[in-house]
Amino acid sequence: MPARPAGSEAGSEVAPGVAWPASERRRDLSGWFYVGPSLLINCLFLLFPVFATLWMSLTSWNGLESPQWVGAANFLELFASQPFWGAAVNNAKWTVIFLTVPIALALLVAAALLRVRRLGFLQTLFLVPYILPTVVQARVWQGMILNPETGLFGWLGKHGINIPDPLISTTFSLYGIAIVNLWAWWGFLTVIFFAAFRQIDRSLLEAAQVEGAGFWQQLIHIQIPLIKPTVLFMLIMTFVWSFLVFDYVYVLTDGGPAGSSEVLSTLAFRYGFERFEFGKAAAISACAGLLGMFAISFYLWLQKKGFER
Amino acid sequence: MQTRKLETTALAGLLLLMALVTLFPIALMLLNSVKSDVAVQTNPLALPNPLALDNFSKAWDQAHLGSSIFLSVRIVLLTVLFTCTTTCLAAYALARRKVRHWPLVSGYFLAATTVPITLLIFPLYSLVVRMGLLGNEIVLALIYTAIYTPFSIFLLRSYFLAVPLELEEAAQLDGAAGFQIFLQVVLPLVSPGILTVALIVALFTWNEFLLSLTFFQSEDVKTAIVEFYSFQGRFGTQWSLMMASSVILAGPIIVIFLVLQRFFVEGLVAGSVKG
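Taken in sequence, the protein lines are chains X and E. Residue 1 is where the first sequence starts when you use our numbering, and the numbers rise one by one after that. Residue 1001 is where the second sequence starts when you use our numbering, and the numbers rise one by one after that.
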């Protein structure tokens, strides 16, 4: 990454359409004046820490003494440990849930918004949960819905319908957290898909309708295939984010009870800030982060192969 | 035609059902923020009687929300200021290909969009602690700026691309210099884009949890979100005060969102809809 103009030779080609009378060299220099601040801040607070994390993952470090180089020992130890795989499996479950439920629901609701034009304004309402702070979402669900004493579940319990609080169950804790996240997430996807659907030529749908295609047929055979690039992009991003989920788990259960809802990022946080094993914490982060980058590379490769067209 | 009408009715029903699902928890938050704790425990669905409006002042005082909110507002303003100034410059330069290596720079920022916070947090934490800057709002604002830079650049770039090049050439013929053209001719034309970026960045900064937890958890004055998070211990099961504080933290966001929804939707959708 060149942080400075790397010897801008004279006579290099000028980008098409922007041939300015000023000399190429001076233009390039002034260009770096424009890009410089962003690049500097980004390299300092983003690029450098990423490489530091990767390096840290190969060391043993308690945060105080100087780090000891241990090679791949952190990774080998993690790959042989139960909590790591427990967390990874929870991330995988999370991925499966979020690749299916909210995407399907959002596609359906976005198509419904397109069809029932009078209710189109509801897209703004559907986006409201997404803009609320995660901690607020979490506390509202915890206290007002799931809580067996103060919440809706408690009220139902008094009326003979007993639903146990999923957040304190070792079997259901992860799904309890997922419900809160889904509530905030599906509306965002709906707005994205609605925007994509609106770019489809209306005459296509009208023609299909004349041919006798119903709502489902239009959705599955015309609308979804036409916004395939957007759906694919959201699937990839969902996959990436699923391995990074932190806030909801940390606030709602902190990985409990008994580690039943632990995910990779909360495990990394625990290794780092509770046990001061920064090498292992960095190794877990690297696993989750690199998996995401791998997924995005795969997506770019797909794009290059022309899968989208 | 009969089936089409039936379909539309069913779909309208689905939309209204989802509106109900969306609103229900928010309604419970509002409802129970003005009830006493006993009333919340007896029936969370009942209407408040009498109105316990002093919940808000109680929550505000007991949790020192005032100083926390002031700190968060300062961090938000700093982040918005840093992000908007630096990314306007960068996005303009990339839109106009002002640097020869613009594909490389664009590629770098594209890659940077994929970097998660968990991949930054441990080295940043140890560095900040070592420099004695834990709880420093400028450092946190700079980290946020780095994280929101790629998104802001790509959003602003599309606005700069929409500014006709002829305008700049005309200004140049009138004798205006490069930076002057940027400041006086181009920047005013992309102000809706700047507002969009500012709103989204402000929203994400206000709501951000992991970094502000890491850098402000042990401070006397925490960010509003971290302060709210620590209520669980302090308020115990005082859900009415918890909901009152929720309304204090979320209410202004909801109002601003509803007033300026066009910009929010545009900013949030940007980059996700692949044509």
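Please keep in mind that the hints were generated in silico from the structure rather than gathered at the bench. Do not take every clue at face value.
[As the list claims (entries may be wrong)] Okay, derived cross-link-like pairs now, SDA-like style, lysine to any residue, Cα gap no bigger than 25 Å in a straight line: (1) X:304 to E:1047; (2) X:158 to E:1102; (3) X:304 to E:1103; (4) X:228 to E:1113; (5) E:1058 to E:1084; (6) E:1058 to E:1030; (7) X:304 to E:1114; (8) X:305 to E:1043; (9) X:228 to E:1020; (10) X:304 to E:1021; (11) X:304 to E:1048; (12) X:158 to E:1107; (13) X:158 to E:1269; (14) X:305 to E:1270; (15) E:1005 to X:217; (16) X:228 to X:214; (17) X:304 to X:217; (18) E:1005 to X:212; (19) X:304 to E:1041; (20) E:1005 to X:208; (21) X:93 to X:212; (22) X:158 to E:1020; (23) X:158 to E:1097; (24) X:93 to E:1114; (25) X:228 to E:1270; (26) E:1005 to X:228; (27) X:305 to X:237; (28) X:228 to X:291; (29) E:1005 to X:114; (30) E:1005 to X:206; (31) X:305 to E:1058; (32) X:304 to E:1270; (33) X:158 to X:171; (34) X:158 to E:1270.
Please read all numbers here as calculations on a predicted model, not as lab measurements.
Verification of the supplied hints:
Between residue 304 (chain X) and residue 1047 (chain E), the direct Cα distance comes to roughly 58 Å. Violation of the 25 Å bound is thereby established for this hinted pair. With a C-alpha separation of about 65 Å, the suggested pair residue 158 (chain X) and residue 1102 (chain E) falls outside the 25 Å cut-off, and the hint is violated. A distance of roughly 17 Å separates the Cα atoms of residue 304 (chain X) and residue 1103 (chain E); the hinted pair therefore holds under the 25 Å criterion. With a C-alpha separation of about 22 Å, the suggested pair residue 228 (chain X) and residue 1113 (chain E) falls inside the 25 Å cut-off, and the hint holds.
This hinted pair does not check out: residue 1058 (chain E) and residue 1084 (chain E) have alpha carbons roughly 37 Å apart, beyond 25 Å. Straight-line distance between C-alpha atoms of residue 1058 (chain E) and residue 1030 (chain E) comes to about 16 Å, which keeps the hinted pair within the 25 Å bound. Restraint check for residue 304 (chain X) and residue 1114 (chain E): the C-alpha separation of about 18 Å stays at or below 25 Å, so the hint holds. Restraint check: the Cα-Cα separation between residue 305 (chain X) and residue 1043 (chain E) comes to about 58 Å, which exceeds 25 Å; the hinted pair is violated.
Under the criterion of a C-alpha separation no larger than 25 Å, the hint pairing residue 228 (chain X) with residue 1020 (chain E) is inconsistent with the structure, at around 29 Å. In summary, the hint linking residue 304 (chain X) to residue 1021 (chain E) is not supported, as the alpha carbons are separated by about 40 Å, beyond the 25 Å threshold. Note on residue 304 (chain X) and residue 1048 (chain E): the hinted pairing is violated, with a Cα-Cα distance of about 59 Å set against a maximum of 25 Å. A distance of roughly 58 Å separates the Cα atoms of residue 158 (chain X) and residue 1107 (chain E); the hinted pair therefore is violated under the 25 Å criterion.
Of the supplied pair hints, the one linking residue 158 (chain X) and residue 1269 (chain E) is violated, its CA atoms being roughly 43 Å apart against a limit of 25 Å. With a C-alpha separation of about 24 Å, the suggested pair residue 305 (chain X) and residue 1270 (chain E) falls inside the 25 Å cut-off, and the hint holds. Restraint check for residue 1005 (chain E) and residue 217 (chain X): satisfied, since their Cα atoms lie roughly 16 Å apart, inside the 25 Å limit. A distance of roughly 20 Å separates the Cα atoms of residue 228 (chain X) and residue 214 (chain X); the hinted pair therefore holds under the 25 Å criterion.
Between residue 304 (chain X) and residue 217 (chain X), the direct Cα distance comes to roughly 30 Å. Violation of the 25 Å bound is thereby established for this hinted pair. Annotation: proposed proximity of residue 1005 (chain E) to residue 212 (chain X) holds, straight-line Cα distance about 14 Å (limit 25 Å). For the given pair, residue 304 (chain X) sits about 58 Å from residue 1041 (chain E) by alpha-carbon distance, which is inconsistent with the 25 Å threshold. A distance of roughly 16 Å separates the Cα atoms of residue 1005 (chain E) and residue 208 (chain X); the hinted pair therefore holds under the 25 Å criterion.
Distance check on the hinted pair: residue 93 (chain X) and residue 212 (chain X) sit about 40 Å apart at the alpha-carbon level, beyond 25 Å; violated. The straight-line distance between the Cα atoms of residue 158 (chain X) and residue 1020 (chain E) is roughly 23 Å, inside the 25 Å bound, and the hint therefore holds. Distance check on the hinted pair: residue 158 (chain X) and residue 1097 (chain E) sit about 67 Å apart at the alpha-carbon level, beyond 25 Å; violated. A hinted pair counts as satisfied when its Cα atoms are at most 25 Å apart, and residue 93 (chain X) with residue 1114 (chain E) qualifies at roughly 22 Å.
Our distance criterion of 25 Å between C-alpha atoms is met by residue 228 (chain X) and residue 1270 (chain E), whose separation comes to about 17 Å. Proposed proximity of residue 1005 (chain E) and residue 228 (chain X) is contradicted: the alpha carbons are some 28 Å apart, above 25 Å. Distance restraint check for residue 305 (chain X) and residue 237 (chain X): the Cα-Cα separation of roughly 19 Å lies within the 25 Å cut-off, and the hinted pair is therefore satisfied. Proposed proximity of residue 228 (chain X) and residue 291 (chain X) is supported: the alpha carbons are some 23 Å apart, at most 25 Å.
Restraint check for residue 1005 (chain E) and residue 114 (chain X): the C-alpha separation of about 15 Å stays at or below 25 Å, so the hint holds. Between residue 1005 (chain E) and residue 206 (chain X) the CA atoms are separated by roughly 15 Å; this keeps the pair inside 25 Å, and the hint holds. Of the supplied pair hints, the one linking residue 305 (chain X) and residue 1058 (chain E) is violated, its CA atoms being roughly 60 Å apart against a limit of 25 Å. The suggested pairing of residue 304 (chain X) with residue 1270 (chain E) holds, with an alpha-carbon distance near 21 Å, which does not exceed 25 Å.
Taking the CA atoms of residue 158 (chain X) and residue 171 (chain X), the gap is near 24 Å; set against the 25 Å cutoff, the hint holds. For the proposed pair residue 158 (chain X) and residue 1270 (chain E), the alpha carbon gap of about 47 Å is over 25 Å, so the pair is violated.
The structure fails hints 1, 2, 5, 8, 9, 10, 11, 12, 13, 17, 19, 21, 23, 26, 31, 34 (numbered hints given earlier, in ascending order).
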